[in-house]
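Undergrad: Below, each chain spelled out in residue letters.
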Amino acid sequence: MRTLPISGIAFFLLFAIRALLPLALCAQGDEPERDASREEMQRRIAMHLEARWTEAGIPPAERCSDEEFCRRSSLDLCGVIPRVAEVREFLADNSANKRSQWLERLLASPAHATHLASTWRNVMLPGGTDLEQLQNAVGVQNWLRAQFVDNVRYDRMVSELLVATSGAEAGPALFYTSLELQPEKLAAATARIFLGLQMECAQCHNHPFDHWKQEDFWGYAAFFARTRQVRGNRMMARLRLEDLDSGDVKIPNTETIVTPKFPNGLVAPDDSGTRRERLSIWMASRDNPYLARAVVNRVWAQLFGRGIVDPVDDLGVHNPPSHPQLLEELTHYFVNCGFDLRALYRLLTGSRAYQLSSVCSSQREPPPELFSRMQLKPLSAEQFYDSLARLFPPSDSGMAGIPQATGLFNPRRLSFLGRMQNPSKNSLDYQAGILQALTLLNGAELHSASHPDQSSLLGALNSPLFTRQDRIEVIYLATLARRPSDEERRISYEYLEGGAAGDAQTAFADLVWAILNSAEFAMNH
Amino acid sequence: MRSVSRMFLVTVVAGLFTGCPFSRPAPPTSPSSAPGTTQTAMQPDSAAADNSTANGSSDGAPAISAAVGEPIRQPNDKPDDRAADPSGGDSNAERRPDAERLAGEASTDPSRPAERFLLFAPQRPLVVELFVRLSGRDLEPQFQAYLESSLKALDSNSDGRTSWEELTRHPSFSKGAFSAQPITTEKRRLDLIEQNDIDRDKWVSLQEFARLLSREAANSRMVTLRSPNDGGTGTVRDSIVFQLLDQNGDGQLSGSELDQASLRLLSKDLDDDELVALADLRAESATLTPNAPMARPRVWSAETAVSLGWHVDWDRVFADMQETYALGGSLSRDCFENADAFFDELDADNNGRITRRELERLLTVAADLRVEIDFHATQASPPAMEIVSRDATLTPSPSMGKGIVTLCTVQLPHLATRWFCADRSVVDDSQTRAEQALAQYDSNNDGYLEEAELPDEPPQVKEQFQAADENGDGKIYPGEIADYFRRQRGIASFQLRIRLGYQPDVVFAELDSNANGRLDFREIQVAGERLAGCDRNQDGRLSADEFQRVLLVSITRGDTGPASAELDATPLVMPPQPASDVAPWFRNMDSNGDGAISRREFLGDAERFRELDANADGFLDWSELQQLSG
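Which chain is which? The protein sequence lines are P and X, in order. Note that this note's numbering numbers the first sequence so that position 38 is 38, with each residue one more than the last. To convert, count from 1 in the second sequence and add 1000; that's this note's numbering.
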């Protein structure tokens, strides 16, 4: 009888433990177990990053201050700067775990779901704020928000998106119509967004860098070939999609019909269900290695400014990750958590790497893919507007109370976004031109936020509750989420007392204007 | 489709309407003016005078009001607007002395109602009469006086009559004054005359003039009544809040679901400002544009109210009554409850059934509810409103006024009614509307509108552009747009719009204790308990029948927006606290505008907040901060 060598068994066991260790993390246990596994995972993140720091000889930045953490996490998780009262409370808190408690509060707030929904909507519908697209945008946003409020599993969310037909899923159905229900567009978009695969190059010829062939692309597009919109007989009929029994795609300029094929090469079994249903089942299955990895990379990119793979929607062999082992372990963690997005955000924002300062300690700028310091991320147009809106005059709900269109339909917000939207997909790279600069310097939004008679912040400060020093402090807290340094206090006070601005209210207005135009306000640092 | 001149009806300001309105006892009030005249109004003889006019006699005074008030039937009118024009044959010259006589008579006889309508309440229909005064004087003669003076101003050759030629050639008219469409071509001018000179006599009658000014047949009357029936039935089934709270979908709210109510509501606070508006809740469930009516299947239902003027479509009223009370059968005594006297008054031949002929007696029976409104001409105070019920068991509450709105509630059997009276003519929101129009259409953000920026559909938009462009330079600035809107308000200040509709979301209304259309944090916190209080049979569960429907009646003066289905479906709200009551800094700090500063909104430190919060409820009201502002 053959016996296996002892060393072979030992080697096998070691290998198994090493491979299975990430699986053991994030067990679906009760809370202390989950906390323990999260902390373990955070240690492993630190370990992987440190390995490359020592290898490159670059020291990491310091731990960020409370003020930096407060503002940064609020912008990243809720899309808006924190309120004065919240900053005060956080800074005054002395407990040891105040940062994780603060994160819990942010994750539980309704603004978090809204922010996630708008972030994902911008990914899914990159058309921007075009009025025609707005209907689609609202539908998708509402649907996404409902998913995020209930913290629906990510794989289930994507599956439902793919098989959406109508009714309550009017959101996802609008995603389909925004792409005009064309199989090649749907294939390119869903591959890019959910699988992180840029296959559209393979539409016309074999992909120049990656391994995708034309048959691969069209095999994937074949899943969307049988979806049609039902033409109702009423103008305002709800959007409905249906799947027909026939319809195929051909490779362009040929007569070759392509059968549906998953991106990992397997041919779809031809059993029950429409093509879209079969795709959605595969999407959520363990046979799909792309889904979890793509979303983990995307969330990392949202929080750190740059994905482990960059760009975030191009996870091909020609584009290797900066920390491959880290990406694998994070992916396993995410899968074993049950595709729980909230847990993923909790994990990453609680990690040491996220809480590094953005101040660069060494002379030369470290390469961004090392994550040795937090990157400066410019505020997105939506974050900027929503933060500025805290300072706007109270909504004009006078006697006649014409209700202002709120949220996505607010015309002021739309026009601001139209001017300031970042056309680049890379969030670190903001190309500001004359229009953006003048919008900030002289635009109506900044004007009403910093005008002595209109700004709600200045109006509220003009009360007997606050001394002049108090007011300076509140202005800094409201815009930069920190107290002014002694030097800044001195300068402001001198400007105030100096009378150069005329009266005190105008002086405060000038201070607000200056801060709002500063880089510190416009950056997420 | 967006029109530049569209305006919403909702007035949103926080009110101080605390407590459940339906349980407040109110002593029955009677008008302080001489009761004798009141009784006179309800007696058959003056009503008979009204009735005789319906038969087409040309008595001077009532005939004029019929002539002015009722448009001649046009093919596109609703059947309700059909009018037998009794004085069609009279010439213009004959009418004017009668109008003067009418003005003289009416000022001494305050007992003619401006409007009389039939309200389809659950148990029996109610006849409601509306008496309206403007600064103490009747509205109707003032309406006519306005028409006459405007018409006289257009009489270019001062011969005492205005012809259509004079009117359409007058410079101010052709530029769009008097809220008419501007005239740019000769063909347009001739078309206008063709459409509006109904009796083809080339002279402008008051009636034709009124119709021209309002651009819509229905709006040429002094009072228009609309009861749209596509805003939902107002039952719990349509309530979004109920569906939100009913997590297991069994149609009942159990104790545990009520405990979770606050959390569920807060999760819908999209912008995290501690306020939930009905529009936010609706936005989540409807994914079409917010301006579109909710796409619910249109169910035919009977009208909620029908105007009882000279032009009543009795066939339709009869059919509606049968449908509502007799399920399509004949109207016998037991179709109604608590309505014996009413039934007897109608059933002339005592055969136990009301026939269509007998229904016409509705024009003369005594009114069940009498609503008296006095609009003040200034902005200083809200209109005065008083409701008197003939039935002593119905006790209308005393009215509460805030800003430009007055609210009065009447609890009918099985139906709560809220009567809103608003005076929009004192509000000049032309500038705001002009800015909204600019924001909507100014695609290149240069601060003015050019013709190219306006949509081609509907064609009125470009016509309005030309009317607004007074100096003809091809650009309209916000100031010019605002002036244009102001010119359009002329006739509206003499017109009343009555709209009825069911409160679309009764559960929301129950939670919204100050009736301002939004649930603020404190209302959300007590949501569970408040709903538990509605459990009439104390079985620990809230079922659909424990919620009462709420009928909203709004009587608005000076509303210049076009009548449209969407506006009608918007629920009515109380205005917020007038800005003059609180210090500006308080209003600025109260960023969500709910009338109190929460801990999150406060800009000072927590220690200071605790000191100031006298009642420790987590909110700083103006009363707690007032002494600081001294």
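In case anyone wonders, no lab produced these hints; they're calculated from the structure. Predicted model only: the values in this text are computed from it and were never measured. You may find that some hints are simply not true.
To be verified - What the simulated footprint calls covered on chain X by chain P, stretch by stretch (three residues with Cβ under 8 Å from a Cβ of chain P suffice, anywhere in the stretch; the number is not a length):
| # | segment |
| --- | --- |
| 1 | 1131-1140 |
| 2 | 1588-1598 |
Unchecked claim - Examples of chain X residues toward chain P, derived with CB under 10 Å:
| # | residue |
| --- | --- |
| 3 | 1153 |
| 4 | 1154 |
| 5 | 1609 |
Built from N, CA and C at the ideal position, the CB exists for glycine as well.
Undergrad: State for each hint whether it applies.
TA: Here's how the hints hold up against the structure:
no. : hint      : in the structure
1   : 1131-1140 : violated (count 0)
2   : 1588-1598 : holds (count 5)
3   : 1153      : violated, 28 Å
4   : 1154      : violated, 30 Å
5   : 1609      : holds, 8 Å
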